[in-house]
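Residue numbers (the working numbering), protein chains in the order written: chain S, 1 to 160; chain W, 161 to 568; chain F, 569 to 1129.
Just so you know, these hints were derived from the structure itself, not from any lab. The C-beta atom is built at its ideal place from N, Cα and C for all residues, glycine as well. Heads up, some of the hints might be wrong.
Pair by pair, the computed Cβ-Cβ distance ranges are [unchecked claim]: (1) F:K892 with W:S538: 26 to 36 Å; (2) F:G893 with W:L483: 45 to 55 Å; (3) W:A560 with F:V1117: 44 to 54 Å; (4) S:F143 with F:R1028: 28 to 38 Å; (5) F:K995 with S:V34: 50 to 60 Å; (6) W:E253 with F:T923: 48 to 58 Å.
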Amino acid sequence: MMEATSPSTPRRAWLVRTLQASVAASVAAIFYPVVRFLWPRRGTVSSAAEVVAPFTVAQLKSLQEKGEAPPPFNFDNKPCLVVLMPDGDLRAYNGICTHVACTVTVRPGHGDIFCNCHNGVYDLNGQPVSGPPPRPLEAYKVFRRKTPSGQEEIVVSRST
Amino acid sequence: MSLAALDSPPNRPRWTARLKEFLIDRLGLETFAELAAKKRVPIHRSTVFYFLGGMALFLFGIQVVTGILLSLYYKPSPDQAFESVRAIMTEIEYGWLIRSIHSWSANLLIGVLYLHLLTTFIMRAYRRPREFTWITGLVLLAMFLAFGFSGYLLPWNQLAFFATKVGTDITGGVPLVGESMLLLARSGEEVTGDTLARFYSLHVVILPLAVLAVLGVHLYLVQKHGMSVPDAAARRYGGPEHVPSMPFVPHFLLRDMVGWYVALGLLAALAALFPWELGTKADPFGAAPEGIKPEWYFLFMFATLEQTPSHVFGLENKQAVVLFFSLVGLVVLAVPFLDRRADRGGPRPALSFLATWAVFAFVVQTAVGLGLLHFGLSVSVFVSGALAIAFRLLMLWWCALDRRRMSA
Amino acid sequence: MRTRLRVVLLSGLLGAAAMFAAGWSAAGDAAGAETAAAADESPAPPPPPPPPVPKKTETPGKSPDAPPKAAPAPPPPPPPPPATKPSEKPAPKAPAAPETKAPASPAAKALAKPGERGQPRPNQCLTCHAEHAEPRLRVTESDMAGDVHWQKGLRCVDCHGGDPAWEEARGAHAEEDGFRRLRSDSDLTKPPDPVRVVELCGDCHANIERMRPFNPSPRTDQLREYWTSGHGRRLKESADPAVATCVSCHAKPHGTAADPGKHGVLAVADLNSPVYPKNVAKTCATCHADAKLMAGRQYHGRPIGHQQYDEWSRSVHAETLLKKGDLSAPTCNDCHGNHGALPPDVDSVANACGTCHGKIAGLFATTRMKHAFERVGLPGCATCHGAHDIRHATIDMLGMHDGAVCVGCHDKGRHGATVAGGEAARKFRNDLDGLRRAIEEAEAKIEEAERLGMAIPGPRSDPRADARMYLRKAGDALTAARVEIHGFAAAPVEKVLAAGRETVAEVQESAESAIRQHHARRIWLAASLVPILLVIVVLVLYIRTLPPVPLAAQDRTPGNP
């Protein structure tokens, strides 16, 4: 048991109180980062094996009808393109041109995927059609998923 | 041991005292309280060494806590491990802090364990009846080294991958069972995702449980036998029981706490100022990075291996080195039984000299491994031997001085 | 009287016996004739096309000369074959001839016999030619195995004509059976007449009717192209046996005059074909890298030289084709033409390059430099990039420093080059270099931030973007700028570069803010160390207030009772 032989002096009492307070403070200084650490964040985008596109199928459709395409989003630290085919199929590609690694753009008006750097052209299946690209674009697995609100979201995942 | 009891007003006990009563009543905590009250720590010149065990325990606690926190985000598969650690370091709040503390504390812990081993040897704390404490302690050291080795692979970066490859290659050098050990360790012929899974299980499940079991025995034995008193102190006071001592609670424990807080501050500083590197993702098909070597606590063995010629006494150098260090390990394990004159308090010149030589060899070889020295094997042996002789002569002289002072 | 009769009878018997024996042994030899190892034949041109024959025969031809000069020799009369030997089963088993109408021709007679499906056609040619004494004329069935004509069922007779059922030369090589002589004389040591060789191939390959059974959409303009080529023109001027003909390039791997190579034509897509994209340059080099052969030869008044293969081998095109295996990279025929092989004229060099490098050629066509080059006779793209030794284009090629391509003209005002142009070159170089360095710096900052364990916030214009990915836009801008400079106009280049610079600036800002945050961690550290240090200090003080531990007698000193 603690030696409680000497009577409590004001100095001792003050020390004890300070000790308690500072121990509490140090414990708080430890707990604060731990709690912040524990709390989950919104999914870490770059390292996820599966990413939801920042646009829905409906949005993609209306953009494509206007002849535009949404900008590429980050998937696996690479720009990812999504294309809605005429028969309703979805396709997702790594948007890095296989020629000199520029970022390609989808041209729904032309029905192709175009690389502005050296006029390389791929078809909507990612196959090179004209210009310098030597290999097809890398394709990802993509599928639709209904959200609770009734929207259809686009999910791109790494094919295993 | 209630701080509150010190300044509680004489009449109504404070709520903390009432809570204490409540718990003790129901949980039978009074046994612990009694044990704690009875425990005393001898005071002598080597008392400071007693702090090492508690420090190791504290750092282990830190490892458990930070390890659990990390396991909430870490994903143990080759294509996700590196990314998950990256996410911990860059995206999760204070992830960098938890991870860096875990890595730094691991190194600190093993350093403390090495010191603890050394000081218990110096104080001859393995003497009867504490042989099993010594043995369980060595088993714990082996398990913590395994902790370090298995944990090192988990970030799955280039350094980790190839260091594991090299390290498991060396275990393959154990004669007879080496091949099987390599296959078991790697979960296959090569280091793959299977190895990662196996190491993860080792690091997170198997070793913690095993350590808890052995640590429990170790601590129980320490409690049972009390703190050992080194011979010099015993002789000085006319017997171990006459050596002055302080109560564990609160004197020693509070001092322990100081040490723990210092360690905490040190870890926080290291984590903030020298964050642990992420490295580059492991590329199993690429070439090993230049100058791959294990962590510092394995360096002395690795440097020895590098210095050894490819064939020694008809054995491959891997096998010879593994054999050598296994023998050394066995000798260390058997020290309580080798030290014949321990009981009678007689000197142990051979063991002491060997130990001194081993310590200097450890330092020299670690320096060689770090690239600070460039010695061949024989030079290392010679230099550490010379240093050991010099040291022992110094000790002789100092002891003589000491004796003269005491008798004066 | 009796003795004379006896002599006559005896000699007659002996003679008959000798001929019988000779015939017997020759037959034995013929049976094992297929294994002739006389492999050094160069490919022969297909024989005169038998009208309906859908099967392309591989003529057991053996052009003994080096393939480039290829001209197969028609089979000379073989060593005395046993005339009396009945036709044995033809050694090569020809697949059945598909039925097609046979336009009347003497050669048609040779094919009329095995008209039924499944019946092998007689092909006695190899009986002699498999073991021919003259290496130029030696052809074995294994030589023909890979030939596309042979595989489609054509046989010797389909190209060379004659009668395949005969085992002896005079019958086999009958003119009335359509046998085509490829030599104007019978000197077998000389290569065959190249014009006749070309015409032999052209008989089928320039005739749509003949090609269509084998390929629904055949090209039949190769012969016309050939006559416009450097090779063809030279051939028209003089029947120079050194000039390349069809077989020089298309026949199986060929050797030199001493080692004529094999007979037979492989498909272009066959890896071993001399005209498989990866092999084309080496094939052309057989002649065009030969100093002796190219000596004295000129084109448009300038010597052709023999350095092109060497130069091309060092080029980025060669590396892409041979090392990276990208078959779309250009080799000789891609710029010079396949059958109409000619160097592009000075004003068509840009078009040749532009077939692949379209965007750049288009930009170049808008510049004043293009017209200046044409006026002076400089070869467009090749002026700066080289004709054959085209290396990887770098930013270092721009500018007015030593080693830049602009210096040659703009430094001394040659060919009307201006000082302002030189200044523009310098500016291009500096600007492009500047962006490149800025990108490198930004990347280094990102790496540093990551090393410190900081997450990098998105750039101002797109906060959710990943910094590295956003930086790619700057890389794209740099690539686009490198293309844009071929318009040699400052404004478009500047526009592209400005966009790139802006991207880089944003990324640098983000990375820097991340690094600053890291420094902010030190503040966190200081903050958290306060309670820790406080605890340590207070603990120490508190420990000092603890009741002292009773000391042993020995340790009591006046100051420590």
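Check: Tell me, which hint numbers fail for this structure?
Finding: When the structure is compared with the hints, numbers 1 and 3 turn out to be violated.
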